[in-house]
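Residue numbers (the numbering used here), protein chains in the order written: chain A, 1 to 112; chain B, 1001 to 1117.
No wet-lab data here; the hints were simulated from the structure.
Just so you know, not all the hints are guaranteed correct.
[Said to hold, decoys possible] Computed cross-link-like contacts, DSS-like style, restricted to lysine-lysine with a CA-CA straight-line distance of at most 30 Å: (1) A:Lys57 / A:Lys1; (2) A:Lys71 / A:Lys104; (3) B:Lys1068 / B:Lys1078; (4) A:Lys57 / A:Lys71; (5) B:Lys1078 / A:Lys57; (6) B:Lys1024 / B:Lys1068; (7) A:Lys104 / B:Lys1078; (8) B:Lys1068 / A:Lys104; (9) A:Lys71 / A:Lys1.
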Amino acid sequence: KNQVEQSPQSLIILEGKNCTLQCNYTVSPFSNLRWYKQDTGRGPVSLTIMTFSENTKSNGRYTATLDADTKQSSLHITASQLSDSASYICVVTNQAGTALIFGKGTTLSVSS
Amino acid sequence: DAGVIQSPRHEVTEMGQEVTLRCKPISGHDYLFWYRQTMMRGLELLIYFNNNVPIDDSGMPEDRFSAKMPNASFSTLKIQPSEPRDSAVYFCASSLPWTSGLTGELFFGEGSRLTVL
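Using the sequences plus the hints, can you model the full thing?
Structure, rendered in structure tokens:
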């Protein structure tokens, strides 16, 4: 069964610190992997999208990495800000393009 | 573009009542998706349309749920009769062909928070 597992479920860090969120998937083969940020009470917004041949993709202070061999992706946030407090969702598209498989997300809280 | 527009943003209703959620996708996007989000299950795909035609409705939980897309700029998700377990946030999203890398990016609306008492 195609699954996307994210860890940790929740995370609290101090403003200015770095953090890394993990995404493990069993979708194989796959077309692309995406990371979304969802602020409380809002819809998810895309951060990065990577095809199976890409290893890393950056968007400002957000850097996503992908290891297709181990079926793992990570999202690294550098110099966190209060506005980074949100849920981060990993999504994998299967190769056939018939399904988007969502992880349940990691809730990040950045405190001052 | 104003993005994906959903209404209402909040709906509180009593069990047994009919609920209709509405969505206007981004102009030019030929894919439209309805998702349900709960704390326990995360985001779940209910149904998606391509060029106004329902392609996959296997996520629709039961016959009480129905969705229509009468034209390229409007879709509805209807629950009749509603039950307390339907309480969730319902998201609409639209995209160009969604296997096309960046061009297949999903754009979500702000969601409709449904509470069934």
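Hint check results:
Distance hint between Lys57 of chain A and Lys1 of chain A is fulfilled; the C-alpha atoms sit about 27 Å from each other, no more than 30 Å. With a C-alpha separation of about 17 Å, the suggested pairing of Lys71 of chain A with Lys104 of chain A holds against the 30 Å cut-off. The suggested pairing of Lys1068 of chain B with Lys1078 of chain B holds, with an alpha-carbon distance near 8 Å, which does not exceed 30 Å. Under the criterion of a C-alpha separation no larger than 30 Å, the hint pairing Lys57 of chain A with Lys71 of chain A is consistent with the structure, at around 16 Å.
Restraint check for Lys1078 of chain B and Lys57 of chain A: not satisfied, since their Cα atoms lie roughly 39 Å apart, outside the 30 Å limit. Between the alpha carbons of Lys1024 of chain B and Lys1068 of chain B the distance comes to roughly 12 Å, so the proposed pair stays at or under 30 Å and holds. For the given pair, Lys104 of chain A sits about 25 Å from Lys1078 of chain B by alpha-carbon distance, which is consistent with the 30 Å threshold. A C-alpha spacing of about 27 Å is found between Lys1068 of chain B and Lys104 of chain A, which places the hinted pair at or below 30 Å, so the restraint holds.
For the hint pairing Lys71 of chain A with Lys1 of chain A, the CA-to-CA distance comes to about 14 Å; that is within 30 Å, so the pair holds.
The structure does not agree with numbered hint 5 stated previously, though it agrees with all others.
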